[in-house]
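Top line first, the protein sequences correspond to chains A and B.
Using our numbering, you'd call the opening residue of the first sequence number 2 and step up by one each time.
Using our numbering, you'd call the opening residue of the second sequence number -16 and step up by one each time.
These aren't lab readings, by the way, just hints derived from the structure by calculation.
It cannot be assumed that every hint is accurate.
Stated by the list, open to error - Distance condition first, Cα-Cα at most 25 Å in a straight line; then the derived BS3-like pairs of lysine-lysine: (1) A/K142 / B/K328; (2) A/K124 / B/K313; (3) B/K(-14) / A/K172; (4) B/K(-13) / A/K174; (5) A/K91 / B/K313; (6) B/K503 / A/K174; (7) B/K211 / A/K172; (8) A/K57 / B/K503; (9) B/K310 / A/K3; (10) A/K57 / B/K173; (11) A/K124 / B/K310; (12) A/K98 / B/K313; (13) B/K194 / B/K214; (14) A/K57 / B/K328; (15) B/K382 / A/K57; (16) B/K313 / A/K110; (17) B/K(-13) / A/K3.
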Amino acid sequence: MKNVIFAGVGGQGVILASKILMEVAMNAGYDVKESEVHGMAQRGGSVDCNVRYGEKVYSPLIPREEADFIVSLEMLEVLRKLDYLAPAGKLIVNREKVDPAPVQTGAMKYPSDIEEWVGKNVKNAVFVDTEAILKELGTRKALNIVMLGILSKDLEFTGEQWEAAIRSLVKEKFLDMNLKAFTMGREYKETA
Amino acid sequence: MEKKVLLGNEAIARGAYEAGCHVATAYPGTPSTEILETIARDYRDIKSQWSPNEKVALEVAAGASVAGARALAAMKHVGLNVAADPLFTFSYTGVNGGFVIINADDPMAWSSQNEQDNRHLARAAKVPMIEPSSPQECKDFTKLAFEISEKYDRPVIVRITTRIAHSQGIVTIEPKQDVPVKPFVRNFKKYVMLPVHARPRHVFIEEQHLKLKEYSDTSGLNRIEWGKSKKRGIITDSVAYQYVKEACPDDSVLKIGMVWPMPDRLIREFAAGVETLYVVEELDPFIEDYVKALGIPCTGKEIIPICFELTPEIVDQALNGRAHPGKYPKYETEPIPPRPPALCKGCPHGFVFSVLGKLDLIVNGDIGCYTLAALPPYSAMHTQGCMGAGIGMHLGMEKAHGPEMARRSVAVIGDSTFVHSGITPLIDLVYNRGTGTVIILDNRGTAMTGHQDHPATGKTLMGEETHALDLELLAKACGVKRVVVTDPKNMDEFERIVREEVAAPEPSVIISKRKCILMK
Ligand SMILES: Cc1ncc(C[n+]2csc(CCOP(=O)(O)OP(=O)(O)O)c2C)c(N)n1
Ligand code: SF4
């Protein structure tokens, strides 16, 4: 079984990213389950999606210490999820910072050494810079798909399988942009 | 057969469609909202609607059922409290067309004001309750619920929880079954609950209960899955079943899919076949108490928490003694700032609560996005219980301390919440000679749960134009003479109005009208 957590902040589109991953996995013949958050948490709170696929999946929730991948669309959110990472699991972290309310009001500080600390304590972690890609795409809305593209290099599915899943789930109007976002993510070179 | 990845709630909508459901009603509430949104979007031959509240939703569905249609009403757990009155008596009248109530509990109170366990309501209302544990079962059980309802002449509750409603999985898609609407047949002994009719209907329900008990034992909804080992037997329901299967793959399991009435024979057979018996269930010891009342010893809440939701690792720890603290060091350089939900930048509620905070008023709040104003930076809400409670509490405070109290307090309520359950307390405030001020936060929709329409927006769930309830006229009809409509963005003006209305020794309503910025 493979376990993937997408973490982020309300509005970053983690649900669509998980939906595409599930579609790919189902079409490849796997059982899939997922768990997501709606409601209160979406008002700018922390959000995450758990996706699991394999021969047979029971729980929709990934137990702590069992995530093969944690894909964090925001830097700070990765700290909240670290207990879920498996010993051989991989972190993929977007270098974007979104200030939570207590930081905005000045009551607390945004931790300044996340990248350095993770580098020291998690052997399998990459930090990615999506800024340039998003500029070229001309929209920040595609961040979820760019991150999915980056993750896709570590999963067993082919480019065609991914493309088919994106085509079946993304609205016509946004399709070209999302396919491009995915490809740019998939071709992204990690500078560890 | 076609397969699709569906959310639990989408699978329920699909199940209703395949069962030939004709009418579906609801009032929004996390985690149940997507059921009706999916029906209205994808299954347009079902007449679907938002009702002003859950009581009305359940009554409209009951009417459709009595008239001969297959009908569904969906709501969150606290919504069933609002609809409990009709539920308890429509349990007596029974149905004509199948009548299914979808009830969504929220262990962990992810988006709710409490963690109540509505399995108790099935028992109290004497209504059968079934519990899916996956998206596929969400679809299958919803279809089955219509059949049980018609076969046994009972409304049927399908109970889901947040982790069932909001988890996705593979569902097989089947064709729609065409079910004609039956004729309405006058039968006043069944449909008019005079005391003389209620008594024999109660006897009827108890008879049906025994038949349903038999069904619970034999239908396959409850089933024993003998494992490699019979050392440990675990009785479990809902999503907890999935956690048990993952954490204890070799143990024997009694899967409860019909939690009311309970399957006595199966429980006895299972208990006799294993060495030690456990019950793993979220929230209250509902199954556990039942098993113990049968005289069968078991272990449950001694090791499974009664508060909050379960997770696979809680179950693993409780049953296998395996801890899951995490495999990496804890980040301790600096405290990790929490990310609480907050009002959007530019939210109309922000202007209102800045003014109320500045005037240091006691604010009797209500439920909606605006409840977030109880948190910093506003910290401007001091009471909040259930939907519609704020206006009654505001009057109660005045009764406790005298009119002087109303000179330094207000009630604040959202437009959707006002229509849901704020009108009767406003009538009470006038009737019982209160002098308080009620602020209706009219942001033109039900924002908290995803911007649904309601009776004052002029649009239905299916997208039709309709009459828009006039809140100003309504307040006047309740007997409020001082009614002001204003845009809170002009904060100086808003402050002046609040000062004036709070000072006035008679009831006032301020309609603070400005559209939610996320609404089209
Ligand atoms: C009985 C009951 N039904 C449903 C809900 C879910 N719910 C919470 S607030 C709310 C409505 C919010 O709309 P409104 O009052 O207009 O405030 P807004 O969010 O737009 O600010 C709903 C449906 C609930 N808490 N209780
Ligand atoms: S969704 Fe609308 S009402 Fe809710 S916080 Fe945002 S702007 Fe305000």
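Hints and how they fare:
At most 25 Å may separate the alpha-carbon atoms for a hinted pair to count; A/K142 and B/K328 meet this at roughly 18 Å. For the given pair, A/K124 sits about 15 Å from B/K313 by alpha-carbon distance, which is consistent with the 25 Å threshold. With a C-alpha separation of about 20 Å, the suggested pairing of B/K(-14) with A/K172 holds against the 25 Å cut-off. Between B/K(-13) and A/K174 the alpha-carbon distance is near 23 Å, which keeps this suggested pair within the 25 Å criterion.
As the CA atoms of A/K91 and B/K313 are separated by approximately 17 Å, the hinted pair is consistent with the 25 Å bound. For a cut-off of 25 Å, the pair hint linking B/K503 to A/K174 stands: about 19 Å separates their Cα positions. Taking the CA atoms of B/K211 and A/K172, the gap is near 48 Å; set against the 25 Å cutoff, the hint is violated. For the hint linking A/K57 to B/K503, the alpha-carbon distance of about 42 Å lies beyond 25 Å, and the restraint is violated.
A C-alpha spacing of about 18 Å is found between B/K310 and A/K3, which places the hinted pair at or below 25 Å, so the restraint holds. In summary, the hint linking A/K57 to B/K173 is not supported, as the alpha carbons are separated by about 48 Å, beyond the 25 Å threshold. Simply put, A/K124 and B/K310 have alpha-carbon atoms about 12 Å apart, close enough for the 25 Å limit, and the pair holds. With a C-alpha separation of about 20 Å, the suggested pair A/K98 and B/K313 falls inside the 25 Å cut-off, and the hint holds.
Of the pairs offered as hints, the one joining B/K194 and B/K214 is violated, with about 32 Å between alpha carbons and a cut-off of 25 Å exceeded. A distance of roughly 44 Å separates the Cα atoms of A/K57 and B/K328; the hinted pair therefore is violated under the 25 Å criterion. Proximity of B/K382 to A/K57 is assessed by CA-CA distance (about 61 Å); at most 25 Å being required, the pair is judged violated. Restraint check for B/K313 and A/K110: satisfied, since their Cα atoms lie roughly 18 Å apart, inside the 25 Å limit.
Under the criterion of a C-alpha separation no larger than 25 Å, the hint pairing B/K(-13) with A/K3 is consistent with the structure, at around 20 Å.
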